[in-house]
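K.L.:
Sequence:
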Amino acid sequence: MSFWSIKFTDSHTEKLPSGVGLRLTGISLIIENENENQNENQNENQNENQNQNQNQNQNQNQNQNQNQNQNENENINQNQNEIQNQNEIENENKENKEKSDYAFIEIQTKNYRVPLATLRPNICTNFKTNLFFMSKTKIKFNVWKTNSTFIINLMGYYIPIEEEEEEEDLK
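The UniProt record's numbering numbers the first residue of the sequence shown as 1 and each following residue consecutively.
Since the hints were made in silico from the structure, they are not lab data. Cβ atoms here follow ideal geometry from the backbone N, Cα and C, with glycine treated the same way. Be careful, since some hints might not be right.
Stated by the list, open to error - List of simulated lysine-lysine pairs, DSBU-like, C-alpha gap at most 35 Å:
#1 138 - 7
#2 128 - 140
#3 128 - 110
#4 136 - 15
#5 110 - 136
#6 136 - 7
#7 15 - 110
#8 138 - 110
#9 110 - 140
#10 7 - 110
#11 7 - 128
#12 15 - 140
#13 15 - 128
#14 7 - 140
#15 138 - 15
#16 138 - 128
To be verified - Label pairs and their calculated CB-CB ranges:
#17 87 - 28: 17 to 25 Å
#18 136 - 113: 17 to 25 Å
#19 159 - 5: 18 to 26 Å
#20 11 - 85: 46 to 54 Å
Go ahead and model the full structure; you've got the sequences and the hints to work with.
P.N.:
Structural data, given as structure tokens:
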């Protein structure tokens with residue numbers, strides 16, 4: 001029994017050596033979601049900035065309450081603009097997270113495609129297969145809708161194949 005581990009982000013092609021076929025007996029699939037950590041860090045930084053802005057706004061509001069009503073109106077407008085900007089940033093983060101939230105994978109050869117799974121980040125999907133690939137077959141693993149690193153572990157074994165020798169035409 002052999003074991004391969006392949007790590008890629010978009011698609012990956014493996015070419016089988018000549019003289020052997022591959023019996024694929026199991027596949028383990030994982031998505032490493034790199035964007036999740038970035039989004040968490042961005043959200044933490046945004047929350048810190050928001051708290052700092054709120055403290056600054058409270059201090060400004062106290063000073064402005066002692067001054068004129070015009071300054072209060074400016075603060076209200078400023079706060080509304082900050083809330084709008086924060087909402088826009090949160091919406092962008094949601095859209096980015098949705099894009100990287102799952103992936104669809106399939107195996108593709110010259111003659112056919114085999115859909116394997118729809119994956120979620122950091123979840124290992126294991127399943128048994130009984131696929132057989134002839135020698136010199138190019139096996140392509142296609143992945144869609146993810147910005148993450150994709151890991152595929154293949155379990156299987158090679159089977160020797162007697163290839164038919166090409167007969168030379170005698171003329």
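K.L.:
Holds or violated: residue 138 and residue 110, Cα atoms, limit 35 Å.
P.N.:
With Cα atoms ~7 Å apart, residue 138 and residue 110 stay inside 35 Å; holds.
K.L.:
Can you confirm whether the C-alpha distance between residue 110 and residue 136 stays at or below 35 Å?
P.N.:
Holds - the C-alpha atoms of residue 136 and residue 110 are around 11 Å apart, at most 35 Å.
K.L.:
Quickly compare the C-alpha distance for residue 138 and residue 128 to 35 Å and report which way the hint goes.
P.N.:
Roughly 21 Å between the alpha carbons, so the hint for residue 138 and residue 128 holds.
K.L.:
Should the hint that residue 11 and residue 85 are 46 to 54 Å apart at their CB atoms be regarded as holding?
P.N.:
38 Å, violated
K.L.:
Hey, residue 15 versus residue 140, does the alpha-carbon distance stay inside 35 Å?
P.N.:
Cα-Cα ~9 Å, so holds.
K.L.:
Is residue 7 close enough to residue 110, meaning Cα to Cα at most 35 Å?
P.N.:
22 Å, holds
K.L.:
Check the hint pairing residue 136 with residue 7 against an upper bound of 35 Å on the C-alpha distance.
P.N.:
Holds - the C-alpha atoms of residue 7 and residue 136 are around 21 Å apart, at most 35 Å.
K.L.:
For the pair supplied as a hint, residue 138 and residue 7, is the alpha-carbon distance within the 35 Å limit?
P.N.:
17 Å, holds
K.L.:
Quickly compare the C-alpha distance for residue 128 and residue 110 to 35 Å and report which way the hint goes.
P.N.:
Given pair residue 128, residue 110 holds - Cα atoms ~22 Å apart, limit 35 Å.
K.L.:
Check the hint pairing residue 110 with residue 140 against an upper bound of 35 Å on the C-alpha distance.
P.N.:
9 Å, holds
K.L.:
Between residue 138 and residue 15, is the straight-line Cα distance small enough, at 35 Å or below?
P.N.:
4 Å, holds
K.L.:
Within 35 Å, alpha carbon to alpha carbon, are residue 7 and residue 128?
P.N.:
Roughly 20 Å separates the two Cα atoms, so the pair holds.
The structure shown violates the earlier hints numbered 17, 20.
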